[in-house]
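Go by the hints and put chain B onto chain A.
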Amino acid sequence: MATATRSGSRTDAALLVGCVLVSLIAIALPGEERSVDGTTTLQGPREAIAGALRRTVVAPLVGLQRGSERWRVAWTSSQQQQLVIDSLSMRATRLQGLQTENDQLRKLLGLGTRLEWGFVPAEALHSTTPNDGLVTSLTLTAGSMAGVTRYSPVVAADGLVGTIRNADPTMSIAILYTDKDFAASAMSADGAAFGIVYPHPARVGGGDSYMLELRGVPTRVNLKPGTVIYTSGLGGTFPRGITIGSIVQELKTAEVWTRTYLVRPAVSPSRVTSVLILSPQRVTQGTGNIWGAGTAVNTDSAARRIAAAGDSLAKQAAKLQEQARQAALDSMKRATIDSVRRSLGATPLPPVDTSGRGAQRAPVAGGQPGQTTRRDTTRVRRDTLRPDSTRRPRT
Amino acid sequence: MNWTGAARTILVCAILIVLQYTLRPLLAWRASIDFMIVALLLGSVRLRPGGAAVYGLLLGFVADSLSVSTFGAAALGMCIVGFGASWLKAVFFADNLALNGFFLFLAKWLFDMIVLVVGHQAHGAEIAMQVLVWSPLSAAVTAVAGVLALSLFKPLMEVRTA
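Protein sequence lines correspond, in order, to chains A and B.
Position one of the first sequence corresponds to residue 1 (the numbering used here), numbered consecutively onward.
Position one of the second sequence corresponds to residue 1001 (the numbering used here), numbered consecutively onward.
So that you can see chain A by itself, here it is in the shape it has in the complex (with noise of 0.2 Å):
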């Protein structure tokens, strides 16, 4: 028994020292060898056993290796797009948000280019999210310390906005023209009538359909759908000339002697996100026609003048053609009384020249004057009356 186990000890020593040894002669076994000229590799035998080997004994696990990780390629290349396609996803979601802020942020941009002086950019803050609730004012981040003051105008690059109704020093608070307690004095863009804007109580197609109403104007004016109106400049809260909206239509009312209109505002509170905030100076000294309401008024009497231009060329026309009637009037009378001058013996009359040029035809109409008052009336009625009114005396 002792004797067995020894020799089965000596024959695992001897199968490890074995092992050992032939672990140590792989080590040692020379990977790559190079040809004798050194320009190329050649197989050595540890890349000839491994090769061997993985083309045989491990060849099923080798390609189940692969396989995993073919899988695990494709698992983490899936996560990878399924990121990309996430970040793309809300890229799209953010780009509707970001263009209409673009947008704004242009028409902003070409506002102030336009005023030059006289106002103080701000974002606008809403208090209340756009999608829920009435907006009826904003918090805007400039104040005092920048030279906002109360009842300040606010105006975006489509038009009238609100008013300031409290400036801190770093921010202030504006009132919609949703507000309750707005009012502007208004017209439209030829001048022709004026009034008074409100907000109108009730929405109008959806949630975001604040509306206005124009009250006031009066009865013998009537405004069209579609007509722009901007305020008046009356009151000297706002300057004349910004845009508040269009005319939908007209509100039935009790009122007699007055119109009240639905009005459309040309901005919308809740997208408003970035605003003008005009200084007392300007809306002293007015905007101008920056907002578009002098063109209106221009384009009006522009046509005016076109229009009475086109009347003083009919007159003129007409002018000309009654002095030319005159005046074949008159040549048709001296002929008459020549020939009855002549036929009495008598000498005829001088010439008359009735188109104003007779000084300078004097000379030489004095040499032959019977010949020359002769040619001059055959010449008038040749023009002027009809050959066969001209003959008929003849025969």
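None of these hints come from the bench; they were simulated from the model.
Glycine residues also receive a C-beta, built at the ideal position from the N, C-alpha and C atoms.
A portion of the hints provided could be inaccurate.
Output of the computed footprint for chain B on chain A, the stretches with three or more beta carbons under 8 Å from beta carbons of chain B [claimed, not checked]:
1) 23 to 30
2) 52 to 65
3) 69 to 81
Here are the in silico distance ranges between beta carbons for each label pair [stated by the list, open to error]:
4) L1132/B with R70/A: 28 to 36 Å
5) R54/A with T1004/B: 27 to 35 Å
6) A92/A with L1023/B: 32 to 40 Å
7) R70/A with V1068/B: 19 to 27 Å
8) S268/A with L1023/B: 57 to 65 Å
Relative to chain A, chain B alone:
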């Protein structure tokens, strides 16, 4: 060990070897599970030390076939680990899972150090980092996986007590 027991052991070792080439690349952990060490120890404790050394040599060559630069290092490490595991099998396969996990940890760490030293794969601080950080981590993960495998395959395994 009868034929049934041998077949069961071969089956479990084959499953572990397949896991080495399927689950390990799929997980791709930095401190990865070494199912080959678990298979080596499970087989070695059922063999005589000499046979365990040969078994380790064969498993090592399978592992070395995919890493030509350190060809032979895994074979050397596994034959030593296998021989040691078979020599210590009475202790190794006690019914204490924590002890089994500890021996798995030691086996994996010893194997990594042999491969590291013989294979000349790292130098300086890198070798210290490998020996003191990554190898223990990998050994710990392997020990946990080995304990789980032992628990899972316990009904299939028949430990040789003689």
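Status of the hints after comparison with the structure:
1. For the segment 23 to 30 of chain A, the stated coverage by chain B holds: 7 residues have a C-beta nearer than 8 Å to a C-beta of that chain, and at least 3 were required.
2. With 8 residues bearing a CB less than 8 Å from a CB of chain B, the segment 52 to 65 of chain A meets the requirement of three and the coverage assertion stands.
3. Under the rule that three or more residues need a Cβ within less than 8 Å of chain B, the assignment of the segment 69 to 81 of chain A holds, with 3 such residues.
4. Taken as a hint, the range 28 to 36 Å holds for the pair L1132/B and R70/A, whose Cβ atoms sit roughly 34 Å apart.
5. For R54/A and T1004/B, the Cβ-Cβ distance of about 33 Å falls inside the hinted range of 27 to 35 Å, so the restraint holds.
6. Taking the beta carbon of each, A92/A and L1023/B are about 39 Å apart, inside 32 to 40 Å as hinted.
7. Taken as a hint, the range 19 to 27 Å holds for the pair R70/A and V1068/B, whose Cβ atoms sit roughly 22 Å apart.
8. A hinted range of 57 to 65 Å for the beta carbons of S268/A and L1023/B is consistent with their spacing of about 59 Å.
This entry satisfies every hint, going by the numbered hints stated previously.
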